[in-house]
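J.: Read top to bottom, the protein sequences are chains A and B.
Numbering-wise (the numbering used here), the first sequence opens with residue 1241 and increments by one.
Numbering-wise (the numbering used here), the second sequence opens with residue 2 and increments by one.
Source of the hints: derived by calculation from the structure; they are not laboratory data.
Using N, Cα and C, we set each Cβ at its ideal position, and we do this for glycine too.
It is possible that some hints are incorrect.
Stated by the list, open to error - Partial list, derived from the structure: chain A residues whose beta carbon lies under 10 angstroms from chain B:
| id | residue |
| --- | --- |
| 1 | Ala1310 |
| 2 | Leu1318 |
| 3 | Asn1356 |
| 4 | Arg1383 |
| 5 | Ala1422 |
| 6 | Glu1489 |
| 7 | Thr1493 |
| 8 | Ile1494 |
| 9 | Ile1495 |
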Amino acid sequence: MQLTLGPVLYYWPRATAMAFYEAVASSAIDRVYLGETVCTKRRELTVQDYLRLADELQQAGKEVVLSTLALISDRAELDQLEPLLTSGVLIEANDLGVVQRCHELGRPFVAGPALNVYNIDTLQVLLESGMVRWVPPVELPRRQLALLLSQAEERGLRQRFEVELFGWGYLPLAYSARCFTARSENRPKDRCEKCCINYPQGRVVTAQDGTDLLRLNGIQTQSAKRANLLPELDSWRGAIDGVRLSLSEPDTTIIAAAAAQRQTPSAWPLTDDECNGYWLGEAGMQRLELA
Amino acid sequence: MELLCPAGALPALKAAIDNGADAVYIGLKDDTNARHFAGLNFSGPRLREAVDYAHRGGRKVHVAINTFAQADHAGRWGQAVDVAVEAGADALIVADLGVLADLHRRYPQQEVHLSVQASATNAAAIRFYHERFGIKRVVLPRVLALKQVAQLAQSSPVALEVFAFGSLCIMAEGRCYLSSYLTGESPNTVGACSPARFVDWREDGEVLESRLNGVVIDRFAKGESAGYPTLCKGRYRVDGQLFHTFEEPTSLNTIEVLPQLMAMGIVSVKIEGRQRSPAYVAAVTKVWRNAIDRCRRDSSSFAPLATESAALDHVAEGYQTTLGAYHRAWQ
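The task is simple: from the sequences and hints, build the whole structure.
T.: Structural data, given as structure tokens:
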């Protein structure tokens, strides 16, 4: 099973991001997703930076995938992606517009977690468009995933794609035209001054009874709790090809811990700020005992 | 420009037709549509009656089959397609790629509109659906600014429909799991956001509290108007500051930009509210019928009448309206 690093979902200062990827290069991670998936205004790292990082990480023995925007609202945003799409590096599509561009260019793609895939006919449409790997939506329960994979087997499709699970990190839950980080500072989006750089893990939204509920990350809303499916890893060996870690701190400790878990599975109780409800078919925020 | 109005049951459909709707959109009585609420929607003879009533007046019926087919009972979406086609629906409103593929294969002549739940916000995404499934129309998500809608209107290979009035989804439709994060059920999976069976009201002295699956969505002081606890319309704290973190309870109203929408060639304006009463449908349809007719006669001097704005505010969520994402400053 491959250990993979998801795209950094926050806006980190350039020096932080660069130092982080240098540490990633010497970590136990097998595959790295690079790129801005939330907001085109975030330009601490440029397209050239990402392509250079891709090169360096590949030289360090990592497989690299370039992740793309989840919400593409105009032609300019679409055009900005072209250098990535034509770079020759594998692309992760989080919008069907990118799927279409990959198809038009004859390029394979990874279907990212922001694409709505809930049934085998949908998987088949994406396969026919060039999908080589699927990252299921974060709300998909393991029961449905198992069913889909057996249906793929029956149709003789299972060998044509890999499956990578969003296994650790704050869950991306929604996308909007509105920037909620800017709103939380009482700024309109057009004068945001990229204030999200001040919140390297987003801003936590707390209910009036004190429950930490959500997390503002620009136009993206995330869970306040961190999903953690790593305790389950071993039981999915063979069925799933990779597990994704979505880091919220420039610290590679969790990569080493996940690698150790892959090597020697051991009990890993979830903490109070973690959840696994989606995976077990319940409310996403819940923390349940694994059966 | 078509005026497309909502109906959750036959009386609302009749109210829409009788007050000047060109077309009405409805859903079937199961989780195949995004307004899957108890006591709402159509089946069997009622569906036939609805289509007949509309067709007698020369109007159209669109059937929304716009949730995402779930792997363990995906067959239900195919059955819904059969039912809608057999009932004589003029168009089906669909979001799921699998359902679109099945529909295109089995009923290639059926007119299909891409649901807002598919969240197609750019020309390449629209091409994707058009090339594979021959869709005739796209319903645009409520995340685009007016300028972006205009840009799409120029580049889209298919006709565009926009939301004109009603409850405001502030997230890109079909790409919001907030409801399932709290309750396990989302528009994508069961066709309902912040489902009623998870709602709980508690009164504690002077304070009325709304909860969704145990989580406090809002607290209201005595006399304050308390709306349904849709979770993105609640008041939460960010670094100690309490406010409507995502959006105030308010409705979308685009009547003032009607001339621009018309000039762009938008083919249809859609009124939200299949869950609303026949009285709501009648009031909103009447206002929009008059507005469209007036704007068509003379768009340069068009402005909503004070009585029209008042009538729309009266039925709006929180009694206030906004241009939403169409107005860039809202974003």
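J.: Indicate, hint by hint, whether the structure satisfies it.
T.: Okay, the hints, checked on the actual structure:
no. : hint    : verdict
1   : Ala1310 : 7 angstroms, holds
2   : Leu1318 : 5 angstroms, holds
3   : Asn1356 : 5 angstroms, holds
4   : Arg1383 : 8 angstroms, holds
5   : Ala1422 : 9 angstroms, holds
6   : Glu1489 : 19 angstroms, violated
7   : Thr1493 : 26 angstroms, violated
8   : Ile1494 : 22 angstroms, violated
9   : Ile1495 : 26 angstroms, violated
This entry does not satisfy hints 6, 7, 8 and 9, going by the numbered hints stated previously.
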